[in-house]
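Protein chains: 2
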Amino acid sequence: MNRFFLIVFLLITSTFASAECLVRGTGDLAVIIERATGSVQVVDTTQKKSLFHIAGLGDLSHASVVYSRDARYAYIFGRDGGLSKIDILCGTLVKRIVQGGNSIGGAISQDGKLIAVSNYEPGGVKVFSAYDLSLVVDVQSTVVDGSKRSKTVGLVDAPGHRFVFSLYDTGEIWVLDLSNGQLDLQKYPNIGKQPYDGLITPEGRYYIAGLFGEDGLAKLDLWHTEKGVARIMDHYGKGEQKLPVFKMPHLEGWAMAGNTAFLPAVGHHEVLAVDSLSWQEKARVKVHGQPVFVMARPDGRQIWVNFAFPNNDTVQVIDTETLQIVKTFTLGKGVLHMEFSPRGEEVWISVRDKDQVVVIDTDTLVQTAELPVT
Amino acid sequence: MNRFFLIVFLLITSTFASAECLVRGTGDLAVIIERATGSVQVVDTTQKKSLFHIAGLGDLSHASVVYSRDARYAYIFGRDGGLSKIDILCGTLVKRIVQGGNSIGGAISQDGKLIAVSNYEPGGVKVFSAYDLSLVVDVQSTVVDGSKRSKTVGLVDAPGHRFVFSLYDTGEIWVLDLSNGQLDLQKYPNIGKQPYDGLITPEGRYYIAGLFGEDGLAKLDLWHTEKGVARIMDHYGKGEQKLPVFKMPHLEGWAMAGNTAFLPAVGHHEVLAVDSLSWQEKARVKVHGQPVFVMARPDGRQIWVNFAFPNNDTVQVIDTETLQIVKTFTLGKGVLHMEFSPRGEEVWISVRDKDQVVVIDTDTLVQTAELPVT
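Chains as they are written, first to last, in this note's numbering: chain S, 11 to 384; chain U, 11 to 384.
Certain hints may be false.
To be verified - Derived DSBU-like pairs (lysine-lysine); straight-line CA-CA distance at most 30 angstroms:
hint: 1; chain 1: S; residue 1: 105; chain 2: U; residue 2: 123
hint: 2; chain 1: S; residue 1: 123; chain 2: U; residue 2: 337
hint: 3; chain 1: U; residue 1: 292; chain 2: S; residue 2: 292
hint: 4; chain 1: S; residue 1: 59; chain 2: U; residue 2: 123
Read the hints as simulated data drawn from the structure, not as lab findings.
A quick note: this is a predicted structure, and the numbers were derived from the prediction, not measured.
Use the sequences and the hints to build the structure in full.
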């Protein structure tokens, strides 16, 4: 029962076929990652049914997904360094390579032509052709002790055909600019101890790295990289009391609603509301457990939160105006991931120990469907 | 030479076929409206080539388009009251109805199940099934003089399965809520003289109507409809000097970049920068002519502006930080419409009198392609 379903929506009528390719729009298709079996399901989010099952994708623990510019293909980044390109209209594995030994996270360039993967081992970021997964650039990270190179984490794609990522062991942020067929690499050292994850704000302007080795966050303004990295939220982190932290919250789990950023407190049963202009804390909302993902409904009116063990059977909904909890769901053990439909009318939530993905209407807060996941 | 190309992008690899349906993603497809011939082209925005030409759509002057939830179908709203559903994977007209005598604008519900059209004559909004274009609801507007009903304008779709629109002759805003199969109609009278257009802010919270009969704008907070309509920007409009106005600017042409709204001045050769929280004017940018569309690149760093006759051969680009004009393009007479690719790396611009759509790289500001439009 150690499954992890990652649901990822495309911004994309419905025809079904099992052994041939589909003629259909790709705007309402999604991919669900089946962690235990190393497979994915392609689902129709309108009809709420499974279209294809694609196996043989390797270790998909902590996997992630990006979609091609035309939304026909999904690129699956596996923990084992596997990079798989799947065809979601034909239900086939187009190509799979093992590009590293231990990987976490991937990204796609603004023009859709390049796929980047960040690797723990060997440390660095490799960039591939989105078309055939051929290697374009191998960016090796800083050497730590003569042979080993720094792990890379927090890889994101940014406007201007850029990839931004952090170096865990050496405390750096690197900006890789591949526009116009050139390679430009900018390095920002001394950003803080052990950056463990990164996020990019929704408009693509700010890159923010979380620090495992100390409190505070490192912020880089991608409109003004010449100004270097600034420290924000000095008290964000484990703090002096060193509370037990069951899981470091994902930075991708931050939510922006208007000028307020909502983010998971580390160790505390709280969601922090922070002014996204001044990065000053405005309020704290008491919640059911240690938050993992803190996600805004696309219209910014609700924040949905899931929690670390032992409270991972629960999802709470916060009203962004009143900061009150308006609903608490108990869905079953192992609520690991949530994803909104593009226009926010539904949220899809994985419940690991029930082998299910449930669909909830975000207006009525009533469950409308459930899909079995093998 | 009286053509108008409206380019609309989907948030959607490339296979070509002329007489059969395509198996391909729909994420990078777009529709170009050919006003003079009452036809549309379906184009591949990655390969920058035409896939299909679909004719017989009636009067497409001032036409608009919305896409189905799955991004396979486009709904074309014609000036002659025609509503056409086209299949962009097969290049076919699925169904066409003439639902009114004189229409302007349409919208699609949050769940993708309903299509709404606003009509001048007969005045009102009709709602149709997105599946087969069967009539679901006919919302008749307020009677003006015993028989004629008010024109409806500024129709938008909003979160919560709502449609919002304005009544030109009677000065009202109506909110039509069709969630859960119920019909709820809220009416806000006395919002100002002759609302001529409307917009909804990107997150879907505020509906703003422009007033032709007086200065100022009417704003409705859709999170708090109980508070009614408020007036903002009292000096926005034609003003006391009654400058010649060659074309009332489109409100859909407003741009939001961070907390600044950029909007076309009426009559003046200026773009206004307004604080979107207080709705107080912050600055004015002198531009080449009377602005028509003022559009933000998706990352909010640039504002692209086109102009009314006699300056409609020009496009200017404003830097949102410095408020300086960074580029002036002279593209040919009749620059009528601009549309960004979803991630903003390109802008597609129609040049009526050259029978062209040109594609410009928004980073290098260099033209990269042009497509003939018949």
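Structure-based check of all given hints:
1. S:105 - U:123: It is violated: about 36 angstroms lies between the C-alpha atoms, which goes past 30 angstroms.
2. S:123 - U:337: holds, 27 angstroms
3. U:292 - S:292: holds, 26 angstroms
4. S:59 - U:123: Distance of about 18 angstroms is within 30 angstroms: holds.
Comparing the model with each earlier hint shows a violation of hint 1 alone; every other hint is respected.
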